[in-house]
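Peer 1: Next come the chains, spelled out residue by residue.
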Amino acid sequence: MRKILGCAFGAMVLAAAPSFAHHSAVMFDEAKEITVKGTVKEFQYTNPHSWLLVDVKNEDGTVTTWGFEAEGPSTLTRAGIRKSDFMPGTTITISGHPMRDGRPAASWTKAMRGDGKEFVPGAGFAIK
Amino acid sequence: MSNRIRATGGWRLAVVVALVGVAGAAAAQPSTAPAPSPEKQRQTKLGIEQKTAAGLYAYFKQKADGGTPLTWRSVPDWTGIWTREASPFFFDPDQTSMTSMPTAKLTPPFEKQLREKLDRIARGIEFDPLSNCEPAGMPRWLVEPFLREFVVTPQQTYLMNEMQNEIRRIYTDGRGHPSPDDAYPLWEGDSIGFWEGDKLVIHTNQMRAGQYQRLQPAYTERVETVEVWRKTDPSTMTVDVWSYDPPVLIEPWYTKQVYKKLSNADNSLRIRYWDCGENQNNTVTKTAEGSSDFTNFTFTKKGDK
Chain E
12 MRKILGCAFG
22 AMVLAAAPSF
32 AHHSAVMFDE
42 AKEITVKGTV
52 KEFQYTNPHS
62 WLLVDVKNED
72 GTVTTWGFEA
82 EGPSTLTRAG
92 IRKSDFMPGT
102 TITISGHPMR
112 DGRPAASWTK
122 AMRGDGKEFV
132 PGAGFAIK
Chain S
5 MSNRIRATGG
15 WRLAVVVALV
25 GVAGAAAAQP
35 STAPAPSPEK
45 QRQTKLGIEQ
55 KTAAGLYAYF
65 KQKADGGTPL
75 TWRSVPDWTG
85 IWTREASPFF
95 FDPDQTSMTS
105 MPTAKLTPPF
115 EKQLREKLDR
125 IARGIEFDPL
135 SNCEPAGMPR
145 WLVEPFLREF
155 VVTPQQTYLM
165 NEMQNEIRRI
175 YTDGRGHPSP
185 DDAYPLWEGD
195 SIGFWEGDKL
205 VIHTNQMRAG
215 QYQRLQPAYT
225 ERVETVEVWR
235 KTDPSTMTVD
245 VWSYDPPVLI
255 EPWYTKQVYK
265 KLSNADNSLR
275 IRYWDCGENQ
285 NNTVTKTAEG
295 SSDFTNFTFT
305 KKGDK
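Those sequence lines, one after another, are chains E and S. Numbering of the first sequence is given in the working numbering, commencing with residue 12 and proceeding in unit increments. Numbering of the second sequence is given in the working numbering, commencing with residue 5 and proceeding in unit increments.
Rather than coming from a laboratory, the hints here were simulated on the basis of the structure. We put the CB at the ideal spot given by N, CA and C, even for glycine. There is no bait here: all hints are sound.
Footprint (simulated), chain S over chain E, 3 or more residues, beta carbon under 8 Å:
#: 1; region: 33 to 44
#: 2; region: 84 to 91
Straight-line Cα separation of at most 20 Å, EDC-like style, residue types lysine to aspartate or glutamate; simulated pairs:
#: 3; chain 1: E; residue 1: LYS94; chain 2: S; residue 2: ASP270
#: 4; chain 1: S; residue 1: LYS309; chain 2: E; residue 2: ASP112
#: 5; chain 1: E; residue 1: LYS139; chain 2: S; residue 2: ASP237
#: 6; chain 1: S; residue 1: LYS235; chain 2: S; residue 2: GLU43
Looking at chain S on its own, in the form it has when it is part of the complex:
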């Protein structure tokens, strides 16, 4: 049968068309984020009052009287296969429109940088370092789709994302962060935490610079986060997240991340290792203009049409 091309469209087309609108807006135009909910306003206010991620973490720890060490008997059941509920395009699930800017209050240089990035994407110029299995890293780790597992032990919690085999280790044994003199940027940062009943409070610093997602702002090595994880029903994990990053954010960016437990009655969902070198057809390279292209298919040559 002969090949034929027929009319259709797709989500990705919508992304590009919408981005043309966003990028085309005047740089001086204010962001058009949806009005924050009362809860979001309250959480943002709390983040502002505590000034820094370390300050907010200390506030939560003081409120919890230092926290309650877990025992094997009190370990909560976070088993199962989970995935993020919201669109993978946006760090803040409250952003639902491709035609609005992110809900973060950005400093002028980083708002300009984001608009320029969106403009390039709208013109079909985009390369994501993840293409070659570079880790997403924190805080982008929070937003990536695919499967997740959360493993809780009394002294340490492991938060795993199938994508790029990224595992975050949350130390809940009472240790602090390494001294600033010994600190260096890490893909997942350095995470310490404590338990308050069934809530896990985490402070993460020492992260590498990156981007919250491809259509989202950048973050610097000064980014720090505070997270409060809680299983709010048998199939829902709710995470309050405050991002602090003074070069990028005018005020801490509060978001609520939700992960849903997937049904897996036949046990067919299993996390497998990711290796971009496993299949040659997955090799994506950065072009001279800074975009993405496949270069090395096994089934056709570059010149084949």
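Pulled out of the complex, with its shape left as it was, chain E reads as follows:
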């Protein structure tokens, strides 16, 4: 379904984002990060978790819909991420820790919109 060009295990970095507080993150491979480029299909801005669905064109011309999970609306709001930031059709490059079982889903770590603006969901846990 999709082609993965490279794979590497990362150094241990203490990022700002804590583990999902609502459910275990064992289904995600925290040692890996994928980055895909595509267009926003839908931004499901819901509690307890939000899902950003991104259509990614594969090399064979087919399209895979990827899902990127983040915390819910209040944490995203604190991170400066609003529903209107990712309207359908928005061009996006997005990264996350992928599912261990290979399904096209990941826990969202960061994203860059086509206009160059960056979005980091984990920043929503900062106290300010």
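Dock chain S against the given chain E, drawing on the hints supplied.
Peer 2: Below, chain S without anything else, positioned relative to chain E:
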């Protein structure tokens, strides 16, 4: 553009790696908690001297001459949107290391149980009942992240956590707890309290068994807490907490919880209802081995790779 995977790491990886170290330690090895501060030692000593949560609450109430009933004129301003300051991983903010055990003095059976749980997590086996919007319940309520609101009225105070829509009701109208014959386990327990000036003292019993947090010890239905809430500056709520639970704790576990008021100049922060059934993609189920998995995505099928 093709997908690519690149090197990175994350906090959660650090958790798992650290847990391998904790779980791998010999079960007989003593906990490596940081040395308690003089204040913590004093508060712990007070908790030990009063023997039980009910005893400590009675001690505080006697010291306060029964407390001072609030009026609408004396209601403190606890308005705003708040969140917990410390790491959500640890019940005690004094625990800052993934490689140390919690600061609680655990009985051998519950220390063993915790080490076994940490070992399972280190092996990637974990399921949290909260995954399906089960309430955290007290005392875990104190540690969960996300937004909070505190609403004070003369007769009753409402302590609200966005997560799982959990609302604690603190009765300050002079009533006592239900009689033991009528008591039964409750998610948030039964809370009564009194005011001493701007301090709210709370006694909570009748709680359900649970866990202080995913990486933390369990508690039983015998757990009881005493809390002293005080707004120590315009953006800080400080809460002294004593947990009593004889099956689990060798002595009362004193912790200081701190909640910070968030800036919300544009009023964009608003607490919304949580419903795990609202978005099918949030359905997390318990696997046969006792771990967690998504089962029912709308955008892909189980066999898609």
